[in-house]
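The chain contents come next:
2 protein chains.
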Amino acid sequence: MSSKAYVSLLLIGTELTNGTIQDTHGRYIASRLTELGFTVTKILLASDDLSTTDDLRNLAACSDIVIVSGGLGPTSDDITREMLAALSGGSLDFKQDVWDDIAARFDVRKGQSNKRQAFVPEHFSTIQNTKGTAPGLKGTVGNTLLYALPGPPHEMRRMFDRAVVPDLVQSFHVETEEFLEATCFLLSESLLEDACGKFPRSGVSWGTRAGEGMIHLYLRGGMQQEREAFLGFLQEYFGKERLKNGSVDLPAYTVALFKDLEYTLSSAESCTGGLFSKLVTDIPGSSEVFPGGVVSYSAGTKAVYLHLDRSEIETHGVVSGETAAAMAQSVRVLSGSDIGISFTGIAGPGGGSTEIPVGTVWIGIAGHDGEIRTFPFRFKGSRDRIRRKAVAAGFLLLEIWVTEKKRLDSYRKWQYI
Amino acid sequence: MSSKAYVSLLLIGTELTNGTIQDTHGRYIASRLTELGFTVTKILLASDDLSTTDDLRNLAACSDIVIVSGGLGPTSDDITREMLAALSGGSLDFKQDVWDDIAARFDVRKGQSNKRQAFVPEHFSTIQNTKGTAPGLKGTVGNTLLYALPGPPHEMRRMFDRAVVPDLVQSFHVETEEFLEATCFLLSESLLEDACGKFPRSGVSWGTRAGEGMIHLYLRGGMQQEREAFLGFLQEYFGKERLKNGSVDLPAYTVALFKDLEYTLSSAESCTGGLFSKLVTDIPGSSEVFPGGVVSYSAGTKAVYLHLDRSEIETHGVVSGETAAAMAQSVRVLSGSDIGISFTGIAGPGGGSTEIPVGTVWIGIAGHDGEIRTFPFRFKGSRDRIRRKAVAAGFLLLEIWVTEKKRLDSYRKWQYI
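Going line by line, the protein sequences match chains G and F.
Its first residue numbered 10, the first sequence is counted upward by one per residue in my numbering.
Its first residue numbered 10, the second sequence is counted upward by one per residue in my numbering.
In case anyone wonders, no lab produced these hints; they're calculated from the structure.
Keep in mind that this is a model prediction, so the values were computed, not measured.
Hints should not be assumed to be uniformly reliable.
Quick list of simulated restraints, FRET-style, between CB atoms [stated by the list, open to error]:
(1) Thr61/G / Gly230/F: 23 to 31 Å
(2) His182/G / Ser199/F: 44 to 52 Å
(3) Ser211/F / Ile365/G: 42 to 50 Å
(4) Arg114/G / Ser199/F: 43 to 51 Å
(5) Ser256/F / Asp269/G: 51 to 59 Å
(6) Glu91/G / Gln179/F: 53 to 61 Å
(7) Pro162/F / Thr61/G: 51 to 59 Å
(8) Glu221/F / Ile365/G: 50 to 58 Å
(9) Gly230/G / Asp63/F: 20 to 28 Å
(10) Thr61/G / Glu245/F: 54 to 62 Å
(11) Glu237/F / Val174/G: 50 to 58 Å
(12) Asp63/F / Ser85/G: 49 to 57 Å
Keeping only pairs whose Cα atoms sit at most 25 Å apart, straight-line, the calculated PhoX-like set for lysine-lysine is [stated by the list, open to error]:
(13) Lys422/G / Lys253/F
(14) Lys249/F / Lys124/F
(15) Lys422/F / Lys389/G
(16) Lys422/G / Lys140/F
(17) Lys124/F / Lys140/F
(18) Lys249/F / Lys207/G
Coverage of chain F stretches by chain G, computed from C-beta distances (three or more under 8 Å per stretch; other residues unrestricted) [claimed, not checked]:
(19) 86-97
(20) 331-339
C-beta: ideal position from N, C-alpha, C; glycine also.
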């Protein structure tokens, strides 16, 4: 009975440590226990033949609960039963009733090796496995509660959900920690860290996690109002479009916004090469919003697809505000959509110059009101990162364009990210 | 210098132990090291705030090599540097040269918290991080070699591949098992498994690993000739374009092939929504091959972008061989490229019908010799998977088109994948 309960997991299987299969048990168990207020501190993946009682002892020493999965099979390298017996200092005994139960439910005549599965460590009880032959085990060593579950996913998950979770919820009265999550775009962890440090001292602590093209920010501790004030401070500091409340997928967010407003959108992409339209059309139902776009990678296709004047493109340069404006306006008119967006820049690694270095991207937006604006950026990183950042900037600009156009100048801060 | 070398991994991140994200580093590192003949015995996932020097000590005690990932960020809960210093019993010192290097490559003036990343444990050396601010670390404690790598996937992978692997291969003379790797497209693991079982008994064993849009096949044991005969059998069985020798990236492979042959390529995408052009333009230098493409998601944009007759599209249907042919030919002519490819289909989840169910995709190819062919497919899976399979089929068709056109009918086997 404590307000915090620490859990460790030991997942046994050589195929996990040699990379043959991807472990998914760890996340399955950890996310469920975290929801319930438990704190999972360690997840150890160990090979069949090299996992030892010491591993189990180390985990038990720092945990209120240890959950083992795997190593309960019928073969001689399945040694979880032996490890539990060694840890508890007890014997390992054949149980006729357990064997009768396995034999009644499975045709194990050919598999006398299954008899190994009817051995139970002293002081441990069994948990019935309705999906397979290996019963689960439950026992206490010192102050630590131990569960051993079978390794096959459907057996493990069923036993965890049906037997372990209800048992833990009844035994431990944990307090679930409240937190606030935000999703951050065109920001770095160190910029966030520095800004968080500027918020007046409070009971709120922060943590970040870098995702693909975004950073998750978690604010924990304090009262809900304090966490909200903290997020409000950061939104004020960076501009609210860059820090969105909750777990946000930017393309889905933008498509939903356009759907709500009944706006349509088309794109003319040069350096992003189709990434923008790929991300938009990843979203089921995006066809309501997005009639299409062009990927005009060469000056020639810019001219032909978009009916632009090639000599004019060459006068201003392919990577220029003028070209970005012409592309956005042209694709909007051709597609008959409300808003057109364009991307032209140098994603690298080649193609940069002193005047227009790698990372330079012009974004153009043209609206049905006839307004056309262009936005120059300088992004850092690899070809892939520059392309992703350009597209993220496009989504944020579109959001501001359709919701609060006077704030468009916010883009000036999204530089050198 | 031993014939066996044991490796442990310590992956630090609270988001790994609370189930927010799925760890993929463990499998990435473990499968590569296993290929190279190392034995990965333990993979420990630990939370930021509860991972301790003891964890590192326990892993070091049973390993020749420990690789740590994560905890090298600029924030105060990033404690890998401190743990390494504590384990080695040395000090943790600010290194001006490391800081100068970080500051020269990144605009970190605003991010003074990055200074933490210029602290190096005594007796450790740094490994340059070309993708991010945190340098890696390398040092020896007792008989154990330790590496610390940054946590973000692209930083970790690059440093592991470019710095750690060559270093380990040079330092440890492990007995590598010889094997043959192939990359398989438009195949499932179970189809591969069944076909492998049909090969006459040999000393060769097989294993598969599912990647993003591909499956890696490993043939191990036996003589090299036997492994080659095994792969030859599978290539004969499935068509050689679906099983490529080595580790192959399909878009890069196709772009290189087109470059060699000096062919240019353009695309007209409907259901794939820009995924094809995105993948092509991911490849640096693809502009030599790819002048551009159009994403014509609606019938209207198909007509306008591609100068097609809208009533004709509606007569044949948007998802039809006729429309695919017209799209491919039109984009080829508009772009002035040698070959045009088109994709039109139903990626789902909505939009399917009894006649044209979700998963139906027509691919069209038009060549500069005037030939136009269309290829109907039926793919299984989610929206994302259907789109990826369609694009993979497009790449394979293009390869056959430019190398051995008479084999184009192979596509008939790439169904219901």
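Checked hints:
no.: 1; hint: Thr61/G / Gly230/F: 23 to 31 Å; in the structure: holds, 29 Å
no.: 2; hint: His182/G / Ser199/F: 44 to 52 Å; in the structure: holds, 46 Å
no.: 3; hint: Ser211/F / Ile365/G: 42 to 50 Å; in the structure: violated, 58 Å
no.: 4; hint: Arg114/G / Ser199/F: 43 to 51 Å; in the structure: violated, 28 Å
no.: 5; hint: Ser256/F / Asp269/G: 51 to 59 Å; in the structure: violated, 45 Å
no.: 6; hint: Glu91/G / Gln179/F: 53 to 61 Å; in the structure: violated, 39 Å
no.: 7; hint: Pro162/F / Thr61/G: 51 to 59 Å; in the structure: violated, 31 Å
no.: 8; hint: Glu221/F / Ile365/G: 50 to 58 Å; in the structure: violated, 33 Å
no.: 9; hint: Gly230/G / Asp63/F: 20 to 28 Å; in the structure: holds, 26 Å
no.: 10; hint: Thr61/G / Glu245/F: 54 to 62 Å; in the structure: violated, 47 Å
no.: 11; hint: Glu237/F / Val174/G: 50 to 58 Å; in the structure: holds, 51 Å
no.: 12; hint: Asp63/F / Ser85/G: 49 to 57 Å; in the structure: violated, 31 Å
no.: 13; hint: Lys422/G / Lys253/F; in the structure: violated, 47 Å
no.: 14; hint: Lys249/F / Lys124/F; in the structure: violated, 53 Å
no.: 15; hint: Lys422/F / Lys389/G; in the structure: violated, 44 Å
no.: 16; hint: Lys422/G / Lys140/F; in the structure: holds, 22 Å
no.: 17; hint: Lys124/F / Lys140/F; in the structure: holds, 17 Å
no.: 18; hint: Lys249/F / Lys207/G; in the structure: violated, 60 Å
no.: 19; hint: 86-97; in the structure: violated (count 1)
no.: 20; hint: 331-339; in the structure: violated (count 0)
Comparing the model with each numbered hint stated earlier shows that hints 3, 4, 5, 6, 7, 8, 10, 12, 13, 14, 15, 18, 19 and 20 do not hold.
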